[in-house]
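Student: For reference, the chains in residue letters:
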Amino acid sequence: GENVEQHPSTLSVQEGDSAVIKCTYSDSASNYFPWYKQELGKRPQLIIDIRSNVGEKKDQRIAVTLNKTAKHFSLHITETQPEDSAVYFCAASQGSARQLTFGSGTQLTVLP
Amino acid sequence: NAGVTQTPKFQVLKTGQSMTLQCAQDMNHEYMSWYRQDPGMGLRLIHYSVGAGITDQGEVPNGYNVSRSTTEDFPLRLLSAAPSQTSVYFCASTQQETQYFGPGTRLLVL
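Protein chains in written order, with my numbering: chain A, 8 to 119; chain B, 784 to 893.
A couple of the hints might just be wrong.
[As the list claims (entries may be wrong)] Simulated DEER-style distance windows between Cβ atoms:
{"id": "1", "chain 1": "B", "residue 1": "Gln879", "chain 2": "A", "residue 2": "Lys49", "range": "17 to 27 Å"}
{"id": "2", "chain 1": "A", "residue 1": "Asn74", "chain 2": "B", "residue 2": "Ser863", "range": "44 to 54 Å"}
{"id": "3", "chain 1": "A", "residue 1": "Gln114", "chain 2": "B", "residue 2": "Arg889", "range": "13 to 23 Å"}
{"id": "4", "chain 1": "A", "residue 1": "Ala77", "chain 2": "B", "residue 2": "Thr803", "range": "42 to 52 Å"}
{"id": "5", "chain 1": "A", "residue 1": "Pro89", "chain 2": "B", "residue 2": "Asp821", "range": "22 to 32 Å"}
{"id": "6", "chain 1": "A", "residue 1": "Ala36", "chain 2": "B", "residue 2": "Gln878", "range": "16 to 26 Å"}
{"id": "7", "chain 1": "A", "residue 1": "Thr85", "chain 2": "B", "residue 2": "Leu862", "range": "44 to 54 Å"}
{"id": "8", "chain 1": "A", "residue 1": "His14", "chain 2": "B", "residue 2": "Glu842", "range": "16 to 26 Å"}
{"id": "9", "chain 1": "A", "residue 1": "Thr116", "chain 2": "B", "residue 2": "Met824", "range": "19 to 29 Å"}
{"id": "10", "chain 1": "B", "residue 1": "Thr853", "chain 2": "A", "residue 2": "Ser16", "range": "35 to 45 Å"}
{"id": "11", "chain 1": "A", "residue 1": "Gln21", "chain 2": "B", "residue 2": "Thr853", "range": "42 to 52 Å"}
{"id": "12", "chain 1": "A", "residue 1": "Ser19", "chain 2": "B", "residue 2": "Lys792", "range": "29 to 39 Å"}
{"id": "13", "chain 1": "B", "residue 1": "Leu891", "chain 2": "A", "residue 2": "Gln21", "range": "36 to 46 Å"}
Please keep in mind that the hints were generated in silico from the structure rather than gathered at the bench. Since we're looking at a predicted model, the values are computed, not measured. Idealized CB from N, CA, C, for every residue including glycine.
Between the sequences and the hints, there should be enough to build the whole structure, so can you do that?
Tutor: In C-alpha cells form, the structure reads like this:
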C-alpha cells in the first residue's frame, strides 16, 4: 500500500517568513495530493490540493509543488501570520479509489 | 446544510464495553469513511463505504465494524472496547476526491 512520509514534524518561523513542508510518497499510481490544516481541537480542513497532471498550484499565500519523478510534493506558505499556526497534514491517493493515506503531520508555529 | 455531523463529541468507556459512533451527512455523497487520529501518527483509515450496502476495510479495521444502510448514515461500532482504541475518531464524506470531515469524537477507554 501507499506510504507517505512528512518532514519536518515541527517547524517554527518568524511572522512574515516563509514555511515549507515536504512529503514523499511510495506508490507511483497515486495521483491526488491534498493538504489539510488542523487547528487544536478542530477537524482537518482542506487548504489546497494538486493532481498529478499539474506541477504547481497557488492560492494566495499558499502553493503546492509536485515532482512525480522523485515522488515528492511540498507545501509553501509565504508571509506567514500567527493564524497560520496549526498542524498541517499531507496525503496521497489514487483519485478513483478516494482512499487517503496521510503523513504524520507538521506542527507549524508562527512567532510574532 | 449541516455537512458531516458526528455524535457523541466525547465518550468514556470501560474495557469490554460496546458502543456506536454515529456519523451522518446531508450532501448526498456516496463515499464515506472513518479515520482514527493518534498523536504523532496522522489519520489512519479504519473502514470506508462507496455507497449504501457496500463497505470495505481500511488500514486499521480490527476491533471495528461498520454498516451502510442509507446514503446518509455510516455508524462505527466498537464491539468490545480496548484501551488501544483510545483516540479521536473522524468521519468523512467525499465528493469526487475532496474529503469533508466531521467534528470528531474523542473516545477514552479505561
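Student: Now tell me if each hint is right for this structure.
Tutor: The hints, checked one at a time:
1. In this structure the supplied range 17 to 27 Å holds for Gln879(B) paired with Lys49(A), their Cβ-Cβ distance being about 23 Å.
2. Checked against the hint of 44 to 54 Å, the pair Asn74(A) and Ser863(B) passes, with Cβ atoms roughly 45 Å apart.
3. At roughly 19 Å, the beta carbons of Gln114(A) and Arg889(B) sit within the given window of 13 to 23 Å.
4. For Ala77(A) and Thr803(B), the hinted distance range of 42 to 52 Å is satisfied, since their beta carbons lie about 44 Å from each other.
5. The hinted window of 22 to 32 Å between Pro89(A) and Asp821(B) holds, with their beta carbons roughly 27 Å apart.
6. Between Ala36(A) and Gln878(B), the C-beta spacing of about 22 Å keeps the proposed range 16 to 26 Å intact.
7. Hint check: Thr85(A) to Leu862(B), Cβ distance near 49 Å, so the stated range 44 to 54 Å holds.
8. For His14(A) and Glu842(B), the Cβ-Cβ distance of about 21 Å falls inside the hinted range of 16 to 26 Å, so the restraint holds.
9. For Thr116(A) and Met824(B), the Cβ-Cβ distance of about 20 Å falls inside the hinted range of 19 to 29 Å, so the restraint holds.
10. Separation of Thr853(B) from Ser16(A) is about 40 Å and conforms to the stated range, judged on CB atoms against 35 to 45 Å.
11. In this structure the supplied range 42 to 52 Å holds for Gln21(A) paired with Thr853(B), their Cβ-Cβ distance being about 50 Å.
12. Range check, Ser19(A) to Lys792(B): Cβ separation about 31 Å, and the 29 to 39 Å hint holds.
13. The supplied range of 36 to 46 Å is met by Leu891(B) and Gln21(A), whose beta-carbon atoms lie about 37 Å from each other.
Going down the numbered hints, you'll see the structure goes against none, and every one checks out.
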